[in-house]
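**Student:** Line order of the protein sequences matches chains A and B.
Going by my numbering, the first residue of the first sequence is number 788, and it counts up by one from there.
Going by my numbering, the first residue of the second sequence is number 194, and it counts up by one from there.
Hints are computed from structural coordinates only; laboratory data are not their basis.
Heads up, a few of these hints could be off.
What the hints assert, rightly or not - Derived CB-CB ranges, DEER-like:
id, chain 1, residue 1, chain 2, residue 2, range
1, B, P276, A, K843, 42 to 52 Å
2, B, E263, A, P827, 23 to 33 Å
3, B, S260, A, P866, 39 to 49 Å
4, A, H863, B, Y203, 30 to 40 Å
5, B, T206, A, K843, 43 to 53 Å
6, B, N200, A, K843, 38 to 48 Å
7, B, N277, A, Q790, 16 to 26 Å
Said to hold, decoys possible - Computed list of lysine to any residue pairs in SDA-like fashion (alpha-carbon distance at most 20 Å, straight line):
id, chain 1, residue 1, chain 2, residue 2
8, B, K250, A, A881
9, A, K896, B, P232
10, A, K792, B, L234
11, B, K250, A, D788
12, A, K792, B, G233
13, A, K792, B, V253
Said to hold, decoys possible - Partner residues aside, some chain A positions facing chain B, computed with beta carbon under 8 Å:
id, residue
14, L821
15, G847
16, Q887
17, I893
18, G894
We put the CB at the ideal spot given by N, CA and C, even for glycine.
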Amino acid sequence: DQQVKQNSPSLSVQEGRISILNCDYTNSMFDYFLWYKKYPAEGPTFLISISSIKDKNEDGRFTVFLNKSAKHLSLHIVPSQPGDSAVYFCAASAPAGGYQKVTFGIGTKLQVIP
Amino acid sequence: EAQVTQNPRYLITVTGKKLTVTCSQNMNHEYMSWYRQDPGLGLRQIYYSMNVEVTDKGDVPEGYKVSRKEKRNFPLILESPSPNQTSLYFCASSLRGGFGEQYFGPGTRLTVT
Chain A
788 DQQVKQNSPS
798 LSVQEGRISI
808 LNCDYTNSMF
818 DYFLWYKKYP
828 AEGPTFLISI
838 SSIKDKNEDG
848 RFTVFLNKSA
858 KHLSLHIVPS
868 QPGDSAVYFC
878 AASAPAGGYQ
888 KVTFGIGTKL
898 QVIP
Chain B
194 EAQVTQNPRY
204 LITVTGKKLT
214 VTCSQNMNHE
224 YMSWYRQDPG
234 LGLRQIYYSM
244 NVEVTDKGDV
254 PEGYKVSRKE
264 KRNFPLILES
274 PSPNQTSLYF
284 CASSLRGGFG
294 EQYFGPGTRL
304 TVT
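Starting from the given sequences, assemble the full structure and let the hints guide the process.
**Tutor:** In structure tokens, the structure reads:
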């Protein structure tokens, strides 16, 4: 049972345009959400996060939106750059026995075309 | 430089031959975790540790062992590897468990024949 779903395995976007990566979750106990970016042959790196008490968090070209009623979050990248081409993992965490257990989605591969 | 290191980066071994993948972090983080990444399955947690001598199972712990004798090190042990453990493994550490960012190592590509 996938609690964090990234239904688009891949996405292609022209350089300069907006990239929108989507993520759905089923566990209503999730209270913190994160996005990680992963380049080939490297480990994932943290990109941006959002607490469940907020509906938007912005960091430069990256904005994460959270719609709790729909159990949906999205990552917007504006403008998209070729260096943004990577696999993006959505992650969500929930309290579990004294720490926050993190669950990852399967990832979306973004290709930004110059 | 803050980092998580893993060794080896690549390993090919045979079924049943015990192996250890080392993980070390230099950020004094209390929380460390092991994940495996498989096509179509994303990152799945194998084991985690909240502090020295405190470890617990993640989502896919079968066939793996861990230990946390020092804060900086969190080795992953495969006592009797099998082909279904062929995967890409990542170690990660963080200051606050699931809150805030985790720092990931570069990955270990394991092939069990």
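**Student:** Evaluate each hint against the coordinates.
**Tutor:** So, going through the hints one by one against the coordinates:
1. Judged by the Cβ atoms, the range 42 to 52 Å given for P276(B) and K843(A) holds: they are separated by roughly 45 Å.
2. At about 31 Å, the CB distance of E263(B) to P827(A) agrees with the hint of 23 to 33 Å.
3. The hinted window of 39 to 49 Å between S260(B) and P866(A) holds, with their beta carbons roughly 47 Å apart.
4. A C-beta distance of roughly 36 Å is found between H863(A) and Y203(B), which places it inside the suggested range of 30 to 40 Å.
5. T206(B) and K843(A) have their C-beta atoms about 47 Å apart, which keeps the hinted 43 to 53 Å range intact.
6. Range check, N200(B) to K843(A): Cβ separation about 41 Å, and the 38 to 48 Å hint holds.
7. Distance hint for N277(B) and Q790(A): a CB-CB separation of about 23 Å, consistent with the stated range 16 to 26 Å.
8. Taking the CA atoms of K250(B) and A881(A), the gap is about 16 Å. The hint holds against a cut of 20 Å.
9. Pair hint K896(A) plus P232(B) holds up; C-alpha atoms about 12 Å apart against a cutoff of 20 Å.
10. Using a Cα cut-off of 20 Å, the hinted pair K792(A) and L234(B) holds, with the two alpha carbons roughly 10 Å apart.
11. Between K250(B) and D788(A) the alpha-carbon distance is near 18 Å, which keeps this suggested pair within the 20 Å criterion.
12. At most 20 Å may separate the alpha-carbon atoms for a hinted pair to count; K792(A) and G233(B) meet this at roughly 11 Å.
13. Taking the CA atoms of K792(A) and V253(B), the gap is near 18 Å; set against the 20 Å cutoff, the hint holds.
14. Restraint check, L821(A) versus chain B: the minimum CB separation of about 7 Å is within 8 Å; hint holds.
15. Here the hint on G847(A) is broken, as its CB sits about 16 Å from the closest CB of chain B, past 8 Å.
16. Hint status for Q887(A): holds, given a least beta-carbon distance of 3 Å to chain B, under 8 Å.
17. Look at I893(A): its Cβ gets to within about 4 Å of chain B, closer than 8 Å, so that hint holds up.
18. Because the smallest distance between the Cβ of G894(A) and any Cβ of chain B comes to about 6 Å, under 8 Å, the interface hint for this residue holds.
Against the hints set out earlier in the document, a violation occurs for number 15 only.
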